[in-house]
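S.K.: Sequence:
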Amino acid sequence: MFTYSNKTALITGASSGIGEAFAYSLAEKQCNLILVARNEAKLKALATKLAATYKIKTIVIALDLSTPGASQTLLHEVQNHDLKVDLLINNAGFATYGYFDQVSGERQHEEVMLNVTALVDITHAFMPDLLRNQGGGIINVSSTAAFQPDPYMAVYGATKAFVLSFSEALWAENRKRGLRVLALCPGATETSFFDIVGSNEASVGSRQTPSTVVKNALRALEKGHSHIISGCQNYLVSQVSRFFPRQFTLGIVERTLRPRS
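Per the numbering used here, the sequence shown starts with residue 113, numbered consecutively.
It is worth saying that the hints were derived from the structure and are not from the lab. Glycine included, each C-beta is placed from N, C-alpha and C at the ideal position. One thing to keep in mind: the hints can contain errors.
[Stated by the list, open to error] So the derived label-pair ranges between C-beta atoms look like this:
| hint | residue 1 | residue 2 | range |
| --- | --- | --- | --- |
| 1 | S277 | G363 | 39 to 49 Å |
| 2 | L243 | S318 | 33 to 43 Å |
| 3 | N192 | Y347 | 38 to 48 Å |
Build out the structure end to end from the sequences listed, making use of the hints.
M.R.: Here it is as structure tokens:
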């Protein structure tokens, strides 16, 4: 049994999309929130609304998690508020799209720092509290892109494969220690993701709403699953690489994601 009432959840990338949907869903369950993202104005507006609507405690921490040392800064900020995290949701991340050599190397480095390094560092920083609290949980947002290499999104797919592998390893390590760990693997979702990527061509299949993705994630966490692929269509697509040669699957993915121009 996993409970949310009077617990505290820390959500990265909380200012929009799936992160914002997590905030609404958890607030409705009477879970106090620590909201983390770069956009302080959006975070403050969201925190104020959730606190007034659901009578919960909300804390805002504006921080660029892709910078070195960000995880320790975040930990110290949380400690300064005298808070203990019961549920950690590593949602912050972004993708780049295009031929690898034509996408900014600096931007792709930032992508790895946020999608991988920050996620690992933040998880490590808060693990002691999560283990001490008993009944804690971690949700790491991966993607259906984790299940096969992704031409034209090579770095993004690789980072999400890392998140899936890392999360499932932690699930196995900690399932008898009172800590639940879940890798959330959504497919295309109705968020600003594709605006940031810069192309709708990176979208595969129909898009789910963030609230649907979050509902599926929390249900999977409560059941103690190691990962969840949100949506039946996404599940079927993610299994293709299990039944066909890798080069064949890669050919399909390449043609699907290939830039139109």
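S.K.: Checking each numbered hint in turn, tell me which of them this model violates, lowest number first.
M.R.: 1
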